[in-house]
Amino acid sequence: MAASGNTSDVFAPWNDASATPLIRFEGVTKRYGDFTAIDNLTLDIYEREFYALLGPSGCGKTTLLRLLAGFEEATEGRILIGGKDISKVPPNQRPVNMMFQSYALFPHMSVAKNIGFGLKQEGRSKDEIAQRVAEMLTLVQLQEFAKRKPHQLSGGQRQRVALARSLAKNPKLLLLDEPLGALDKKLRERTQFELMNLQEKLGVTFMIVTHDQEEAMTVASRIAIMDKGIVAQVDTPAMIYEAPKNRYVSDFIGDVNFIEGTVTAQQDHEITLQSAAGQDFILHSDKPLAISSTAWLAIRPEKIAVSKEPPEDRRNKLQGIVDDIAYSGSISTYHVRLSNGDLIKAQMTNQRRLSNRAITWEDNVWLSWTDTAAIALTE
Amino acid sequence: MTINWRRFLLIGIPMIWLLVFFLMPFFIVLKISLSDMATAMPPYTPNYTPEAGIQGMVNLWQAFDLENFIWLLEDNIYWLSYLSSLQIALVSTLFTLLLGYPIAYALARSPEKWRGLLVLMIILPFWTSFLIRVYSWIGILKTEGFLNHFLLWLGVIDTPLAMINTNFAVYIGIVYSYLPFMVLPLYAALEKMDDSLIEAALDLGTTRLGAFWQVTFPLSLPGIVAGCFLVFIPAMGEFVIPDLLGGSETLMIGKTLWGEFFSNRDWPVASAVAIVLLMLLVIPILLFQRQQEKAQEAAS
Amino acid sequence: MNQKRFTWFNATSLTFGFVFLYLPIMLLIIYSFNDSKLVTVWGGFSTRWYTALFQNESFMNAAWVTFKVAVLSATIATVLGTLAALVLTRAGKFRGRMLFSGMVYSPLVMPEVITGLSLLLLFVAIGWDRGFWTITIAHVTFSMCYVAVVVSSRLISFDRSLEEAALDLGCNPFNAFMQVTLPIIMPAVVAAWLLAFTLSLDDLVIASFTSGPGATTLPMKIYSQVRLGLKPEINALSTLLIVAVSVGVIAASLIAKRAEQVRARSGDG
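Protein chains in written order, with the working numbering: chain A, 10 to 388; chain B, 4 to 303; chain C, 30 to 298.
Keep in mind that the hints were calculated from the coordinates and are not lab data.
In this text, all values refer to a predicted model and were calculated from it rather than measured experimentally.
Straight line, CA to CA, 27 Å or less: simulated BS3-like cross-link-like pairs of lysine-lysine:
1. A:K156 / B:K195
2. B:K195 / C:K286
3. B:K195 / A:K122
4. C:K97 / C:K260
5. B:K116 / A:K237
6. A:K254 / A:K354
7. A:K122 / B:K297
8. B:K297 / A:K158
9. A:K181 / A:K97
10. A:K354 / A:K317
11. B:K297 / C:K122
12. B:K116 / C:K286
13. A:K237 / A:K97
14. A:K156 / B:K297
15. B:K195 / A:K158
Covered stretches of chain C (chain B as the covering partner; in silico rule of three or more C-beta atoms under 8 Å from a C-beta of chain B):
16. 53 to 60
17. 267 to 274
Glycine included, C-beta positions come from ideal geometry on N, C-alpha and C.
Given the sequences, and given the hints that come with them, work out the whole structure.
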């Protein structure tokens, strides 16, 4: 999939000022009584995007999807599809289809009837429907299951029927509500790649709701991280990971360690931050920070090296005692307790076999990282 | 061994009760339906007593005949009351469905915090006396009753309508008495339906009405079937409603049986009527049982 | 998220349904306080029919007989019906299982005239005097089936692992039932008893067949009166019965709701 980057040959319509978005949310607010599910939200989604809404449950991501599908009406603001306000268009007349979290397959209809349901509503001829259903069945590789009922299928097969059904009408936009939530891990990973291939092949815009950050990182061209009805950041997966805008985003995506401190010096992008314990750290910042303002150093565990000897070539280092080691095969996560009681997580790939590992519990170790590994966050 | 003994008791006690007080009486009904009427007490012959021995059994057997059933065939009144029971039960089941479906649908789609109370309000009349509920309609339907007063006051009619002692009153009585039996299974079927199915149908381009006919209605069919059985079967054998609300021309088999038994004191014919009614109901009862067992299996 | 509201259509059907269900009962109650002897013509407020009712000894006797039959038959039916429910849900396969479940479900849909007639013929054939006991036995027979259905539906949703845990901790099956299963299914058993009680209280047809001289139940008494037309005393009696039953049902459902909440908190499915 398209990753970050600003070169013109990469798919990135959001960087093109002349591109018109397929979907536009303009100051959309949705309230249920006193509860604000979506708060003054403005978003642009472009054609052919694979757009992920990511956030914890209750952050408003599903409400956003249901607003687009037409099952909820915005309290304030407008939603535009292809430049047209669709706020008053009922769900059955929107050029949008949805794949439901529960799949919502009609239990009394066969797989073929389910897939053909939307086409039948359009009043297409029997032959036309049969042809399109066959096409969709081939697309999701379920040709021999056309006559089965949903309860005779496995979870993965049902998921594919639901996908085929929502794609059969060739919508401009496909909404996917936690589409892989009910599948086990292996199948989920495989299906993620299938979804991506399908999306590229069909050129349909996909909008996926998920609470699984790995899933969003894998499939999406852009991710919107949501928190309590507002969008915390919209960016490509790599930018979200490497350049989060605030602590909420960096904490939500992957693991991160924070060290609070005061800015003492700045030279170009290089900042010196002094921690409460009086130790200086060198870190990277895209924007200028005021001297003596409060900021947080954020560093990912895998960017921290663990060693028994003090590293001579690095300016950022900390000493501590190994509290715990979580071994997960390819990598090990070390929980290192500092003298002030804080825990820092560091990850190392297991290049050697377990029995040859040098570092173990209660060892006194050094943590170190390069000058550009950590970033500064102000909120 | 002790466990088997317990198991034997567990199964045995309710089994014996049902065999003695449910199954055996049917064989007695069958036997008496083949006997002749007598004016003595009990009013039928022959009587078998164990002292008569084997010869007694033989005599008993020889005395049996199908006379009572032939009598049923020959006398129009029985034919007509079977047919009329069937018609009244079918029509009122249909009306109960037409009235009960919108109620069950509205219950299933009502706000969650209200639902418990609303369901309780549907069940509550079912707990109050059946006889009293039927009785309450006499005051409404009779010639100088509430409904006629109301319609006269509205100016819809000039002279009171004759509603009591007609089949119309019987339909109302059955619909009113059995409405909860229709609403509850329908509600159960509609309530467990996933809302996202309707949303999916709308999303795929149907109208609300289209979604109802293509998704909601077919999925509520088990509830419809259960509800119709629960109304139709007891309505077939109903006695109180046709007796209190119906007129002399209202023929229903339950009423006929009651009359044969209590007024004519013809026990053998009453038994024969019961046997025929049972044979007519055996198919729906068996179908209903099959459906219940399946539902139980699906639930467990 | 997706909060349901009353739509216009749904509100209309519910209103219509409830008016249909409750208006006749309301009219009955209102006119029980009618001073006039003509039941459908309002002649001023009065409680004279209640006084008349309490002075009528035959009504009082019938009420007492009905109450005794109902308590006794509901209690026996609850024991037998709970056993039957256990057989249906726990006994597994045995010879005659089909027959057994058939005998449990059939009385639910059997026309009352048939049940009544067949039981009467049984009592005559074995030469029992008809009266209090025969009514009680007849009521036990049909209401135990309702009990079995109510209790077995609770047993089906019951988490078997609780029983298995009790057995694992050294209970024998009987003690496991008494100490674990029965306390948990108790609300259903109580509900079943109440159901059996009201069914017995309500029954006219089966009681008419199986009763003899000296044992007249309240429904039989009411029936013999209303056959002849409207009777203001019957309105008064109906009002009392309706109020008693409504209070009972509402109280029972509140208790059940409380029990449900307790159960939900303790986490038993």
